[in-house]
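Read top to bottom, the protein sequences are chains A and B. Residues 0 to 350 in numbering that gives the first Met the number 0 are what the first sequence spells out, letter by letter. Residues 0 to 275 in numbering that gives the first Met the number 0 are what the second sequence spells out, letter by letter.
Derived from the structure by calculation, the hints contain no laboratory data. Mixed in with the good hints, there may be bad ones.
What the hints assert, rightly or not - Straight line, CA to CA, 27 angstroms or less: simulated DSS-like cross-link-like pairs of lysine-lysine:
#1 A/LYS250 - B/LYS72
#2 A/LYS2 - B/LYS114
#3 B/LYS114 - A/LYS250
#4 A/LYS12 - B/LYS106
#5 B/LYS76 - A/LYS12
#6 A/LYS20 - B/LYS114
#7 B/LYS72 - A/LYS12
#8 A/LYS20 - B/LYS106
#9 B/LYS233 - A/LYS250
These figures come from a predicted structure and were not determined experimentally.
What follows is the residue order along each chain.
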Amino acid sequence: MKKYTSVRAFREKFSFLVDHKAFKYNVSFLLFLCFLFLLSAGMGEQYFSPWKVFNILLGNSDSFESMVVESFRMPRILISILVGISLAVAGAILQSILRNPLASPDVTGITGGASVAVVLFLALFSNDSNVLTVSIHWMPLAAFIGATIIAFLLYILAWKNGLSPFRLVLIGIGLWALTKALTNLFMILGPIVQASQANVWITGSVYGSNWNNVQILTPITIGLLIIAFIMTRHLNIQELGEDIALGLGTKIERQRFGLLLLSTALIGSAVAFAGGIGFVGLMAPHIARKLVGSSFGNLLPLSAIIGAILVLLADTIGRTLFLPIEVPAGVFTATIGAPYFIYLLYRQRNA
Amino acid sequence: MHVLETKDLTLSYGEQIILDQLNVTIPHGEITVLIGSNGCGKSTLLRSMARLLKPQSGAILLDGEAMMKLPTKEVAKKLAMLPQGPVSPEGLTVLQLVKQGRYPYQKWYQQWSSKDEEIVRHALHSTGMTELSDRLVDSLSGGQRQRAWIAMTLAQDTNTILLDEPTTYLDLTHQIEVLDLLFELNEKEKRTIVMVLHDLNLACRYAHNIIAVKDKAVFAQGKPEEIVDRELVKSVFHLDCEVVPDPIFGTPMCVPYGKGRHMNGVKNSIEHVLSR
Chain A
0 MKKYTSVRAF REKFSFLVDH KAFKYNVSFL LFLCFLFLLS AGMGEQYFSP
50 WKVFNILLGN SDSFESMVVE SFRMPRILIS ILVGISLAVA GAILQSILRN
100 PLASPDVTGI TGGASVAVVL FLALFSNDSN VLTVSIHWMP LAAFIGATII
150 AFLLYILAWK NGLSPFRLVL IGIGLWALTK ALTNLFMILG PIVQASQANV
200 WITGSVYGSN WNNVQILTPI TIGLLIIAFI MTRHLNIQEL GEDIALGLGT
250 KIERQRFGLL LLSTALIGSA VAFAGGIGFV GLMAPHIARK LVGSSFGNLL
300 PLSAIIGAIL VLLADTIGRT LFLPIEVPAG VFTATIGAPY FIYLLYRQRN
350 A
Chain B
0 MHVLETKDLT LSYGEQIILD QLNVTIPHGE ITVLIGSNGC GKSTLLRSMA
50 RLLKPQSGAI LLDGEAMMKL PTKEVAKKLA MLPQGPVSPE GLTVLQLVKQ
100 GRYPYQKWYQ QWSSKDEEIV RHALHSTGMT ELSDRLVDSL SGGQRQRAWI
150 AMTLAQDTNT ILLDEPTTYL DLTHQIEVLD LLFELNEKEK RTIVMVLHDL
200 NLACRYAHNI IAVKDKAVFA QGKPEEIVDR ELVKSVFHLD CEVVPDPIFG
250 TPMCVPYGKG RHMNGVKNSI EHVLSR
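Chain B extracted, bound-state conformation (with noise of 0.2 angstroms):
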């Protein structure tokens, strides 16, 4: 069961066409990630799956229905969408954020009922907000916002969430801590998680599922361990490198060639490592 498909997806922006006539699939309850160099239209390709950007042609099946044909408040209580970098508006609390990812579910006369109350709280809860619920969200650190954010979505009780590039601007602590709630958040929740990321090694330790993109095309799609070698990163990222197996997790990593220090006292530094 894949919860999003794209069928023969155009996306454009005017002319300029971004991606050309894709087909993708989003498996169920897993994460997702997209990965591709800059401007390849991967952050496009997530915007659109979240009807965020018409698609020239083509069509997005939201668990199997057309989505653009779906009221937009329907597809709103089963696909969460974070943009790049949100920006709040001064003054406004965690636990005032969160509670307009109910937004959907209201009505102006009903705007707290007592399950908007438990999944807010739960929300917070998931996300280790609780503590933090009326601070706010300007005065939090990155990574306590980009929370607060993801908390949001999550009140929008979804089974899918979409995030383009959640850690950017986040130093590398917050990074994982990020990376690491949405790891959870799928472990125990079951919830499908397509997000955009640019480090290509926390793709692959994070990802069930990784889709490649380039060319206005799908250059690949399955598992990191499958998919990740240097061929991959050569094609998409027109970058040589080794890809060797990550020291804690297994999963690929990825360690580029280029100019730098050489520790090791042999020129090429990387075959001696792959050696040893």
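Next comes chain A alone, as it looks inside the complex (with noise of 0.2 angstroms):
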């Protein structure tokens, strides 16, 4: 049986290799997502079929039920699989260039960082009602900033001659621990109503989404994900390590750059939406290595797909499995995670 297909197209103008088996899995895993989008959808206190909710979306169905689906639900499925689709692939983009499996934007401190740095624009920029008293729209860039300042913390304090990826983990667990200090600290000095409702946040909720943030979260991520599709060759090149990469010709510095800020805009814009949703960036590229293999070119839409079926999955069994008590995502990503986590370590043991 045949295993690739070569696609030219325009006079060779364009030219890639499928892999059979990862367009199979590619497919297969979008599919249960595009399934779980209708059934996530209809589920709650009011339950629709899937088939129903298709019909609903398409614009057959009473007001109500719109409502329920489209004003209520929509906003919150969107911006979970918007969440996952992002720290999955910057989670991926972070295994490659730290080449450590147990690399991903929680465990470096950059979640943290963005967290941090979206506590600090909360307390800031609110007045004693608890009012924003500016824009949201600056909400993702704040996290972006924090984010992007744990990242280069990180690098400068692992630089020595290079960046050993040890090192590099080793420090940012430390920035780790500091970033969630940090956030305490800022919790503590707020009022506390905003404390409580940050603790949730910060846990990883999608709870309180409207269109707005779909808005403005939609345009961000799908040019942060075609940026990471046209660097995909790169994250290969990255990843067979400094040496081979210099010989086959990159500017390597100048590419990790450029990949780790890709990395923290994307972890940023999901913190500003999401909170801290932790372990997706780790578990999501795993699960797609494991099925696909370390070929970026299969293993970032992979990654991209599973980390979006996490997140909603998630989400899903959080507000439906408990009510009328709603859990963070957070919570069922981090009870999963944890473990996952530690099972690798253990790997990491036995290697």
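From the two separate chains plus the hints, produce the assembled complex.
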């Protein structure tokens, strides 16, 4: 049986090699995501079948049904998907440039940096009645700056004639603890109401999502995703190590810098709208790697899809299983993610 | 015509000078092997010739042009480098690895042209990896894995290939397998090969040209049969030995003195063997 198809078009101006197995995995997971999307939109106090949801979305419904699905549930679902994609892709990028399967937005402290920035942003720009005095549009930027500052601290502290993945992860864990402490500090210094809200948000929740959020996040995520796909071949080379990458003619420092910024932008935008939904950036690329291997042309799309599935699944369970209580999505991803992380650590020990 | 040439090349790690004002030339279409004791700077020299290290002063000429001034991608089309003990990422197939060698020729929208396919196929064929192209690199034996990496450097389609100790961690069978492959690539495809080897006897067998590095400088350079003798081994490796012709190939073979069991009934077994 053939395993590959060469795709060439416009007199070979465009040419790619498509791996059949990876293609099948990508399509099946995408279909599953679509199904989950319809299922999730139908779940809640008012249940609709996926088929019914499909019709509601096409406009064949009464105003109550469309209000429940489109106004209440849809923003939250879309944010879950976008956030899952961002975190997973950022995780995959970090794993490539750090050449370490344990590298992820959380473990390196970058998510933490974004969280600190958001808590600080809320504290600085809220008035006495907890209303933002500036546009919420600025929040992703704040998170991006926070994430980037931590990423650069990480880079500078771990730098010594190059970057050793090992040192980078150790220092990352230190920064993780630091950002945790800072977030707590800012929360305690802020008003009580904010502290309790912030706590839910930091655990990672898409509870408060609205269409305004979706409008801000969608173009950011899609734009960054396109850049990530253009960069796949650099990601592949980065993973082969510094000497090989240099030998193949890469400008390695510049590329690593660009890729690091790309991942902090993805993390920043995700954290701004959903808080620190943990371990998605670790698990999604890892599961994807198990299924399709580590060539980024196959790995990146599958990571993105799996990330979206994880967050959407976690949020759907969180808002339906314990009704009327809502459990933040981050609690679920952490419940699966933390043991997964320990399992990975254990396997590294044996390697 | 020299493929690579160093002009008063000085290399250092921080304050410590590794090589001092070195002038060496790498002849076209031959196998050149760098030898020397541990830490003499032979790997450093090789790495700098592959632009992995910036020289402190002096220059490296690639086909007569200053390498540091050429765009790095252009250099990558003329010169490939396989570092010592490369590690492949988990879950990468041989084909996916070898494909990466095409990097300097590709663009993001152009990643598998007919030429890419043809050259990758050829690289897999020359290294005998065609059958194994769908296997994961981490599942291969040491020798096969090294052949996969060599195939990647071949996919780079360069005239010159530099290899830093391509036989480390390999058992004797696989050492010969890898060196035979490099020898064939030189014979059949006329590729210039420059490598660091630890085993002096194998170096003498495969190399047309040997560069012995000692005390931050080139101690000797030339054909093995012309330069490798007791004095060279004594000076470069600080080892007493006899140099005899290899019983199969006739190339110089170094038999070191030292302790060991004597099977010839004579204390000085080497003299005995020689007198036979």
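Hints, verified against the model:
The hinted pair formed by A/LYS250 and B/LYS72 meets the criterion: a straight-line CA distance of about 9 angstroms does not exceed 27 angstroms. Between the alpha carbons of A/LYS2 and B/LYS114 the distance comes to roughly 20 angstroms, so the proposed pair stays at or under 27 angstroms and holds. The straight-line distance between the Cα atoms of B/LYS114 and A/LYS250 is roughly 24 angstroms, inside the 27 angstroms bound, and the hint therefore holds. With a C-alpha separation of about 10 angstroms, the suggested pairing of A/LYS12 with B/LYS106 holds against the 27 angstroms cut-off.
For the hint pairing B/LYS76 with A/LYS12, the CA-to-CA distance comes to about 20 angstroms; that is within 27 angstroms, so the pair holds. Straight-line distance between C-alpha atoms of A/LYS20 and B/LYS114 comes to about 24 angstroms, which keeps the hinted pair within the 27 angstroms bound. With a CA separation close to 20 angstroms, the supplied pair B/LYS72 and A/LYS12 stays within the 27 angstroms bound. A distance of roughly 24 angstroms separates the Cα atoms of A/LYS20 and B/LYS106; the hinted pair therefore holds under the 27 angstroms criterion.
Proposed proximity of B/LYS233 and A/LYS250 is contradicted: the alpha carbons are some 43 angstroms apart, above 27 angstroms.
Checked against the numbered hints above, the structure violates only hint 9.
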